[in-house]
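Participant: Starting from the given sequences, assemble the full structure and let the hints guide the process.
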Amino acid sequence: MSREPILRAEGLQVVFQSEESRLEALQEASFSILPNEFVCIIGPSGCGKSTLLRVLGGLVAPTRGRVHLDGRPLTGPEARIGFVFQQHNLMPWRTALENVCLPLELQGVARTVAKDRAREMLALVGLAKFANALPRELSGGMRQRVALARELVYDPDVLLLDEPFGALDALTREQMDWELLRIWSARQKTVVMVTHDIQEAIYLSDRVLTMSPGPGRIAGDVAIDLARPRKVDDLYSPRFAELTRLLRGSLH
Amino acid sequence: MLPRRQNTRSRTYHAGRGKPLARRLLPLASFLVLCALWELIVYIGDYPAFFLPTPRDVWSRALVALGDGSLLMHTWVTLKEVFAGLAVGLSAAVILGYALAKAPAVERLVSPYLAASQAIPIVALAPLLVIWFGPGTLSKILVCALTLFFPVLINTIVGIRGVDAELVELLRSLRATQWQRFLYLELPASLPVLLGGLKIGVTLSVIGAVVSEFVSADRGLGFLVNLARGLFDTSLMFVALFTLMAIALVLYLSVSALERRVLRKQGRE
Ligand SMILES: Nc1ncnc2c1ncn2[C@@H]1O[C@H](COP(=O)(O)OP(=O)(O)OP(=O)(O)O)[C@@H](O)[C@H]1O
Ligand SMILES: [Mg+2]
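Protein chains in written order, with our numbering: chain A, 6 to 257; chain B, 186 to 454.
Honestly, the hints are just simulated from the structure, not real lab data. By construction, the Cβ of each residue, glycine as well, lies at the ideal position given by its N, Cα and C atoms. Watch out, some of these pointers could steer you wrong.
As the list claims (entries may be wrong) - With a Cα cut of at most 25 Å, we get these calculated BS3-like pairs of lysine-lysine:
#1 A:120 x A:134
#2 A:120 x B:450
#3 A:134 x B:450
What the hints assert, rightly or not - Okay, the calculated beta carbon distance ranges per label pair:
#4 B:446 x A:41: 33 to 41 Å
#5 B:208 x A:81: 54 to 62 Å
#6 A:25 x B:360: 44 to 52 Å
#7 B:362 x A:137: 27 to 35 Å
#8 B:306 x A:84: 54 to 62 Å
#9 B:368 x A:41: 31 to 39 Å
#10 A:84 x B:364: 17 to 25 Å
#11 A:204 x B:442: 50 to 58 Å
#12 B:442 x A:81: 37 to 45 Å
Facilitator: Right under this line is the structure:
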C-alpha cells in the first residue's frame with residue numbers, strides 16, 4: 006500500500022466576502038492525510054471546521070491554497086469523496102432505502118442493482134428492517150446511519166464526516182462510533198471527521214488535528230498511539246488520560 | 186367559498202370511511218333538505234318562474250336541454266376552453282416562475298409590472314384580447330390562461346425558493362447535473378406547492394372561460410347564461426350555472442384526490 010498522502014491541504018485560506026463584510030473563516034491550514042488513516046479534527050465552535058471540511062470536499066473553493074487528491078489538484082466535488090453533513094440531509098419524501106439509492110440513481114446505475122446495493126448498506130449500518138421507513142419515522146441516530154449508508158453505497162475512498170453524531174445523546178453516540186470503526190476497518194476507507202469531543206476524537210483516530218479560532222488555524226497534530234482494535238477499557242488507560250491532557254493543552 | 190366548503194366535505198367522506206352508512210348519506214340528505222327549502226321559498230313567496238323557478242322546474246329544463254343535445258354541446262365547448270387555458274396558463278406560469286425563482290435580479294425587475302398587471306380586472310382585458318386575437322377559441326384560451334397565470338406563478342416561485350438549501354448542497358456534493366437537481370430535488374420538494382397551484386388554477390380557468398364567453402361567444406356555458414337571460418328563461422340560467430358549478434367542483438375534487446394520493450405516498454399528509 007502506498008504511503009503517499011491521499012489528501013494534501015496546502016496553505017488553505019478561506020475568506021467569506023460580501024458587500025458589507027469580510028470574514029476570514031480559515032487563515033492557514035496545511036496537512037496531509039494518508040490512505041486508510043482515520044483523522045479527527047477538533048476545535049471550538051465557529052473556528053472553521055465545517056469550512057475546512059467543505060474545502061476538502063470540493064464544496065467551497067479556497068481563497069488561497071489548494072487541495073490535492075492523490076497528487077491531483079481538486080477542482081470540485083469528486084466521486085471518490087463522500088460527504089456526511091452536520092445535518093443528516095435526508096430527502097423527507099424518500100424512504101430510507103430510496104435515500105440510500107440516490108447517489109447511484111444520479112450515477113445512472115440500474116434501479117434493481119442500486120436497490121440491492123442500498124439494501125446491503127442499510128444492513129451494514131444495522132437498519133435492514135427500516136428500508137421502507139420515511140425519515141420522519143426514524144430516530145435521530147437512525148437518520149444519521151442512513152446518511153452514512155448513503156455515502157458508503159457508492160464506495161468512495163475518502164469519507165468526510167462533519168460531526169455526524171453531534172446531535173445524538175452520549176450513549177447512542179458511543180454505539181455509532183463503534184459501528185463507524187467497524188465499517189472503517191472492514192471497508193478500508195480514509196476518514197476525516199470533525200467533532201467537538203476530545204474523547205471521541207482519541208477513541209477513533211490515528212491522528213487528531215486541533216484548530217484554534219479567530220481566525221481558524223491548525224494548532225496541533227497529535228498522533229494517537231493506542232493499539233487497535235480499540236476497546237472501551239482504553240478510555241480509562243493512563244495513556245488515554247495523557248493524550249486527553251495533551252489535546253486539551255493544544256486547544257487552549 | 187365553494188372550494189373550501191367542498192374541501193371539508195371531502196374530508197368528512199375520507200374520515201367517514203368505515204363509519205355507518207347514515208354518516209355517508211349526510212351530504213345527499215343535506216342536498217335534499219336544501220331543495221325542499223328552496224321549493225318552500227318559491228311556494229311562500231309565490232314567485233313567477235322567470236324570477237325564481239323551483240328545483241323541479243330547473244330539473245325538467247335540464248332534461249330538455251340534455252335531450253336536444255344543446256347542454257352537452259355548450260358544456261363541451263367550455264370544457265375545451267378550460268383545459269386548453271389550463272395547459273397554456275400552467276405551463277407558462279410554472280416555467281416563468283421557475284426562471285424567476287432562479288434569477289432574483291430578474292424577478293426584482295419584472296415583479297412590479299406583474300403586480301401592476303393584476304390591478305386590471307380580467308373582464309376589462311377580455312374585450313381587448315378579442316380585438317387582438319379574434320372572437321374565436323384562441324382569445325378565450327388566453328383569457329383562461331391569464332386568469333390563472335398570476336396566482337400559479339407566485340405559487341411556483343414560493344415553492345422553488347422554499348427548497349432546502351442543505352439538500353441543494355447535498356446534490357452538489359453528489360455531482361448532480363442541473364437537470365438532475367430539478368428532477369430529483371426541486372420537483373418533488375415543491376410538488377405540494379405546485380399541486381396547490383393546480384388546484385387554484387382549475388377553478389380560475391372555469392371563471393376565465395365564463396368571462397370570455399360573456400364578452401363574445403356563440404356557444405359555451407357562459408354564452409348559455411347570457412342567452413337564457415335574454416329569453417327570460419331563468420330555469421335555463423340555473424341549469425347553466427349548476428353545470429358550471431359541477432365542472433368546477435369535479436375538477437377541484439379530482440385535483441384534491443390526486444394531491445392526497447401523491448402526498449400520502451410521500452408520507453407528507
Ligand atoms: N457561507 C458562509 N458565508 C459567510 N460566512 C460563513 C459561511 N460559512 C461559514 N461562515 C463563517 O465562518 C466561520 C466558521 O464557520 P464553520 O461553520 O466552519 O465553523 P465550525 O467550526 O464548523 O463551527 P461549529 O462547530 O459550530 O459547527 C463562522 O464565523 C461562520 O459564521
Ligand atoms: Mg460545523
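Participant: None of the hints should be skipped; say for each whether it holds.
Facilitator: Do the hints match the structure? See the list:
1. Annotation: proposed proximity of residue 120 (chain A) to residue 134 (chain A) holds, straight-line Cα distance about 14 Å (limit 25 Å).
2. Our distance criterion of 25 Å between C-alpha atoms is met by residue 120 (chain A) and residue 450 (chain B), whose separation comes to about 19 Å.
3. For a cut-off of 25 Å, the pair hint linking residue 134 (chain A) to residue 450 (chain B) stands: about 19 Å separates their Cα positions.
4. Between residue 446 (chain B) and residue 41 (chain A), the C-beta spacing of about 48 Å breaks the proposed range 33 to 41 Å.
5. A beta carbon spacing of about 60 Å between residue 208 (chain B) and residue 81 (chain A) agrees with the range 54 to 62 Å that was offered as a hint.
6. The given range of 44 to 52 Å is broken by residue 25 (chain A) and residue 360 (chain B), whose C-beta atoms sit roughly 33 Å from each other.
7. Between residue 362 (chain B) and residue 137 (chain A), the C-beta spacing of about 28 Å keeps the proposed range 27 to 35 Å intact.
8. For the pair residue 306 (chain B) and residue 84 (chain A), the supplied restraint of 54 to 62 Å holds, since their beta-carbon distance comes to about 55 Å.
9. Remark: the range hint 31 to 39 Å for residue 368 (chain B) to residue 41 (chain A) is upheld by a beta-carbon distance near 36 Å.
10. In this structure the supplied range 17 to 25 Å holds for residue 84 (chain A) paired with residue 364 (chain B), their Cβ-Cβ distance being about 18 Å.
11. A hinted range of 50 to 58 Å for the beta carbons of residue 204 (chain A) and residue 442 (chain B) is consistent with their spacing of about 55 Å.
12. Range check, residue 442 (chain B) to residue 81 (chain A): Cβ separation about 44 Å, and the 37 to 45 Å hint holds.
Checked against the numbered hints given earlier, the structure breaks hints 4, 6 and satisfies all the rest.
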